[in-house]
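*Asks:* Start from chain A and add chain B according to the hints.
Spelled out, the chains give:
Number of protein chains: 2
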Amino acid sequence: MSKEKKLVEEITSMETDFARWYTDIVLKAELVDYTSVKGCLVIRPAGYAIWENMKNEIDRRFKETGIQNCYLPMFIPESLLQKEADHVEGFAPEVAWVTHGGLEELDERLCVRPTSETLFCDYYSKVVKSYRDLPQLLNQWCSVVRWEKTTRPFLRSREFLWQEGHTVHASAKEAHDRTVQMLEVYADFFEKDLAIPVIRGIKTDKEKFAGAEATYTIEALMHDGKALQSGTSHYFGDGFAKAFDVTFTDKDNQIKPVFETSFGMTTRIIGAVIMVHGDNSGLKLPPHIAPIQVNIIPVAAHKEGVLDAANALKNRLVAAGVRVKLDDSEKSPGFKFAESEMRGIPLRIEIGPKDIENNQCVFVRRDNGEKIFVSLENVESEAKECLENIQTNMYETALAHREAHTYEARTMEEFKDIADNKPGFIKAMWCGDRACEDKIKEEAGATSRCMPEAQEQLSDVCVCCGKKATKMVYWGKAY
Amino acid sequence: MSKEKKLVEEITSMETDFARWYTDIVLKAELVDYTSVKGCLVIRPAGYAIWENMKNEIDRRFKETGIQNCYLPMFIPESLLQKEADHVEGFAPEVAWVTHGGLEELDERLCVRPTSETLFCDYYSKVVKSYRDLPQLLNQWCSVVRWEKTTRPFLRSREFLWQEGHTVHASAKEAHDRTVQMLEVYADFFEKDLAIPVIRGIKTDKEKFAGAEATYTIEALMHDGKALQSGTSHYFGDGFAKAFDVTFTDKDNQIKPVFETSFGMTTRIIGAVIMVHGDNSGLKLPPHIAPIQVNIIPVAAHKEGVLDAANALKNRLVAAGVRVKLDDSEKSPGFKFAESEMRGIPLRIEIGPKDIENNQCVFVRRDNGEKIFVSLENVESEAKECLENIQTNMYETALAHREAHTYEARTMEEFKDIADNKPGFIKAMWCGDRACEDKIKEEAGATSRCMPEAQEQLSDVCVCCGKKATKMVYWGKAY
Chain A
0 MSKEKKLVEE ITSMETDFAR WYTDIVLKAE LVDYTSVKGC LVIRPAGYAI WENMKNEIDR
60 RFKETGIQNC YLPMFIPESL LQKEADHVEG FAPEVAWVTH GGLEELDERL CVRPTSETLF
120 CDYYSKVVKS YRDLPQLLNQ WCSVVRWEKT TRPFLRSREF LWQEGHTVHA SAKEAHDRTV
180 QMLEVYADFF EKDLAIPVIR GIKTDKEKFA GAEATYTIEA LMHDGKALQS GTSHYFGDGF
240 AKAFDVTFTD KDNQIKPVFE TSFGMTTRII GAVIMVHGDN SGLKLPPHIA PIQVNIIPVA
300 AHKEGVLDAA NALKNRLVAA GVRVKLDDSE KSPGFKFAES EMRGIPLRIE IGPKDIENNQ
360 CVFVRRDNGE KIFVSLENVE SEAKECLENI QTNMYETALA HREAHTYEAR TMEEFKDIAD
420 NKPGFIKAMW CGDRACEDKI KEEAGATSRC MPEAQEQLSD VCVCCGKKAT KMVYWGKAY
Chain B
0 MSKEKKLVEE ITSMETDFAR WYTDIVLKAE LVDYTSVKGC LVIRPAGYAI WENMKNEIDR
60 RFKETGIQNC YLPMFIPESL LQKEADHVEG FAPEVAWVTH GGLEELDERL CVRPTSETLF
120 CDYYSKVVKS YRDLPQLLNQ WCSVVRWEKT TRPFLRSREF LWQEGHTVHA SAKEAHDRTV
180 QMLEVYADFF EKDLAIPVIR GIKTDKEKFA GAEATYTIEA LMHDGKALQS GTSHYFGDGF
240 AKAFDVTFTD KDNQIKPVFE TSFGMTTRII GAVIMVHGDN SGLKLPPHIA PIQVNIIPVA
300 AHKEGVLDAA NALKNRLVAA GVRVKLDDSE KSPGFKFAES EMRGIPLRIE IGPKDIENNQ
360 CVFVRRDNGE KIFVSLENVE SEAKECLENI QTNMYETALA HREAHTYEAR TMEEFKDIAD
420 NKPGFIKAMW CGDRACEDKI KEEAGATSRC MPEAQEQLSD VCVCCGKKAT KMVYWGKAY
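Protein sequence lines, in the order shown, are assigned to chains A and B.
Each residue of the first sequence is one higher than the one before, starting from 0 at the first, in numbering that gives the first Met the number 0.
Each residue of the second sequence is one higher than the one before, starting from 0 at the first, in numbering that gives the first Met the number 0.
This is chain A alone, in the form it adopts within the complex (with noise of 0.2 Å):
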């Protein structure tokens, strides 16, 4: 029991201190590690399989919807940078240098990429001649760098792994139509395969992406009432095309330049899930994207016919598209049940001498700790059914949290008091002026998540400054 205790009571409960909650679950469950490298972390094996598994379901949604992949270069002359004015201007502050190359210093020098829309449109720029050669529909899996001060695992690290899409129309509807329709892939993708559910809108002008007419964003709520933004899509009209010259010859016969989109989602949405669906027992991973989905444990594994039965239970299961883990380690038992919580398997699946006499094994839940007694008979249906139930349970218990936490706020008294004891989004009207945005940022700590597609009329007048109001916003604090 020594090694079981030590496994959990390194864990700071949530509630004591989330963010050492959260450090504690990223390093004991294995996801990453601190390197040599300030600022930059190693994603482990066990963080990377879940990378990958959230890319394979990403990456299937892009390609069905026409999109290809393709890889640009990781540096971007100064100059190029420099050719779209707020863009460079949100970026430059914040890249790494490449000064030298070899023993040579070099002409010009060259960032590290923060983003592409330069190179993108630098290269759609040669590529793009004439209205048959249009809708350009790239992607790429890469990693940036983006020199911030303070880092968190996954949250927040001077590099980070994304993919970026870059697209070019040849007019302004069709653009704006694949910026919403790529928001959609990503909501899609955070409900049905994360088990998160999500606020879709757009951003306030001060939340914009650099050199963006307009930033799509999708917002979830974590565990402890604060926002993640986690997937964003921009629309950028024609302002790159003309800065690069990225322009084609229409069908009637003008030369025009191109409209264009851009999107991304990173690896911070790991953070995310750990965040919405994790506890004091560790991670929970919803299926969809866990590496390992059942953990089979042998108990009493030195009794005869054990272990045979936990492999062909492992076999059967495998042979079925499960993705299964036989854990025939030394460790003991309870060491390998608090382990498998760790690591958040979604389910657990223990089999030992009584239940080979009775023909059955025991389902044990990751997501409500439910324990059932499952024929071996008819075990893999039951296994994949289970394995649905528990994320749609996910999701729904995520979707509950979220709407336990959701306020709304008619005054700055209200929205103060909300934001000060009640953490969570807060939902508020606002007249559109930069300066209610700011003062709600100063006095209630607050900022503007989005403008939510489903718009509701709380009230007719801002919430801050009591003029007409526009919109409704989603505010909150945000990682």
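Derived from the structure by calculation, the hints contain no laboratory data.
Every residue, glycine too, gets a C-beta built ideally from N, C-alpha and C.
Treat the hints with care, since some could be wrong.
Listed below are the simulated EDC-like cross-link pairs for lysine to aspartate or glutamate, each with C-alpha atoms no more than 16 Å apart in a straight line [claimed, not checked]:
| no. | chain 1 | residue 1 | chain 2 | residue 2 |
| --- | --- | --- | --- | --- |
| 1 | B | Lys125 | A | Asp32 |
| 2 | A | Lys125 | B | Asp32 |
| 3 | B | Lys241 | B | Glu212 |
| 4 | A | Lys148 | B | Glu212 |
For each label pair, taking beta carbons as the anchor points, the in silico distance ranges come out as [claimed, not checked]:
| no. | chain 1 | residue 1 | chain 2 | residue 2 | range |
| --- | --- | --- | --- | --- | --- |
| 5 | B | Thr22 | A | Glu387 | 49 to 57 Å |
| 6 | A | Ala318 | B | Glu104 | 39 to 47 Å |
| 7 | B | Ser328 | A | Val460 | 53 to 61 Å |
| 8 | B | Val317 | A | Lys125 | 49 to 57 Å |
| 9 | B | Asp132 | A | Ile371 | 50 to 58 Å |
Covered stretches of chain B (chain A as the covering partner; in silico rule of three or more C-beta atoms under 8 Å from a C-beta of chain A) [unchecked claim]:
| no. | segment |
| --- | --- |
| 10 | 31 to 37 |
| 11 | 64 to 70 |
| 12 | 91 to 101 |
| 13 | 111 to 122 |
| 14 | 134 to 148 |
*Replies:* Here is chain B on its own, set in the frame of chain A:
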């Protein structure tokens, strides 16, 4: 006809100028394009899709041997790079240096990884404590940077994509076995999936990896008779372990250094596929890694029923798991044929009014141009069988070419004559002396490619100095 002519016309024939033929193909088949970043390329969708298929095949094989993926930082602090003397000497002259982060100068320069032995050792020194933690079998897919002076698409560029596997073991034997095992994984992938025969062997000390005790390699022969080092697997002994203090407590309670390996394969293997299989009509992709395996081209597509039949055919092949494209664009059939050849699609299927009448279609093989009338009855199995035949034939053709261009030399005169007049591999005996290796390079322009597994005793004496020979070596001019 003018358009078809144009597409083909623009390729230099390989007999005229092999280097230009190669460059023409990578550009015309839209595999890569140049960028504003000197020495770095865009890998375009048609090129990246090939890499994705290669990745999947390699990654699957890796995982079957127990390897897991992870991700380490792209930056290496200068002090970390310098810990292993041979390694830093090999790489320091060709790395890119980051000196500024945001607006500030860094305390210590960071290089962009040229390879990650140092980072993996740093990581393993933290996580490996006991023999129970061994072996560690990790791999990462990423990009690396080497500041090359001259570059060529895929073959040599400042940034390239690769995988790098890094393992640590409790014993020298286990590490050595792993080194050989991974070489065999590479060889199997090359021969089965890329249809390229390889020579498996060991590098001489002169040609081995910086810091390695032994470098194993697979060497392939290109169509022009030059060799391409196509994948390497390194055995490090405990050199790095001692430099980085990667130690473990063994079963006997003694603290010991681990034994290490690394192995890598890069996007240059796309160059190998082009230069082994391509011809003057363009690329020839082996079916196993071709993003599109079958290109259906309707003939007289405007006639009633043709497009419907082509679509029905496509759906049947897709359902059978074949990667199919239906080219229903407005280009002429002749242009489509030429384009399909340029892009290296293994099998073209033509279907027109007469074929529909006869319940048939026409297969045209890219590998040998053969035309086959195939009943629509069992077109799925016929297509799959045909693709496998193409795969096999491509391998056999490449093998025959290599055998026809492998020579033996017993004297320096013979050696120089072959090197001057007969492009290909030269098998010759060697005394093991670096001086002879240098002299052969100077006088015949050939480098040692490898000391093959399959040794032959061509003579008793070194081809260069006449002293006692210790090894038969494959020599050649190389990319």
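*Asks:* When I compare C-beta atoms, does the segment 134 to 148 of chain B have three or more residues closer than 8 Å to chain A?
*Replies:* holds (count 5)
*Asks:* Evaluate the given range 50 to 58 Å for the C-beta pair formed by aspartate 132 of chain B and isoleucine 371 of chain A.
*Replies:* Taking Cβ atoms as reference, aspartate 132 of chain B and isoleucine 371 of chain A lie about 35 Å apart, which means the hint is violated.
*Asks:* With a cut-off of 8 Å between beta carbons, are at least three residues of the segment 31 to 37 of chain B near chain A?
*Replies:* Three-residue rule met by the segment 31 to 37 of chain B, so holds; n is 4.
*Asks:* Given the hinted pair lysine 148 of chain A and glutamate 212 of chain B, is their alpha-carbon gap at most 16 Å?
*Replies:* This hinted pair is violated, its Cα atoms lying about 41 Å apart.
*Asks:* Is 49 to 57 Å right for how far apart the beta carbons of valine 317 of chain B and lysine 125 of chain A are?
*Replies:* violated (33 Å)
*Asks:* Closer than 8 Å, Cβ to Cβ, for at least three residues: run that test on the segment 64 to 70 of chain B against chain A and report holds or violated.
*Replies:* With 4 residues closer than 8 Å to chain A, the segment 64 to 70 of chain B meets the three-residue bar; holds.
*Asks:* Evaluate the given range 39 to 47 Å for the C-beta pair formed by alanine 318 of chain A and glutamate 104 of chain B.
*Replies:* Violated, since alanine 318 of chain A and glutamate 104 of chain B (Cβ atoms, about 58 Å apart) do not stay within the stated range.
*Asks:* Can you confirm whether the C-alpha distance between lysine 125 of chain B and aspartate 32 of chain A stays at or below 16 Å?
*Replies:* Roughly 9 Å between the alpha carbons, so the hint for lysine 125 of chain B and aspartate 32 of chain A holds.
*Asks:* Mind checking the hinted window 49 to 57 Å against the Cβ distance between threonine 22 of chain B and glutamate 387 of chain A?
*Replies:* Hint holds: Cβ distance 52 Å, inside 49 to 57 Å.
*Asks:* Given the proposed pairing of lysine 241 of chain B with glutamate 212 of chain B, does the C-alpha separation stay at or below 16 Å?
*Replies:* Holds: lysine 241 of chain B and glutamate 212 of chain B sit about 14 Å apart, inside 16 Å.
*Asks:* Take the C-alpha atoms of lysine 125 of chain A and aspartate 32 of chain B, compute the straight-line distance between them, and say whether it is at most 16 Å.
*Replies:* Within the cut-off at roughly 9 Å; holds.
*Asks:* So the hint says 53 to 61 Å: do the beta-carbon atoms of serine 328 of chain B and valine 460 of chain A match that?
*Replies:* holds (57 Å)
Checked against the numbered hints given earlier, the structure breaks hints 4, 6, 8 and 9 and satisfies all the rest.
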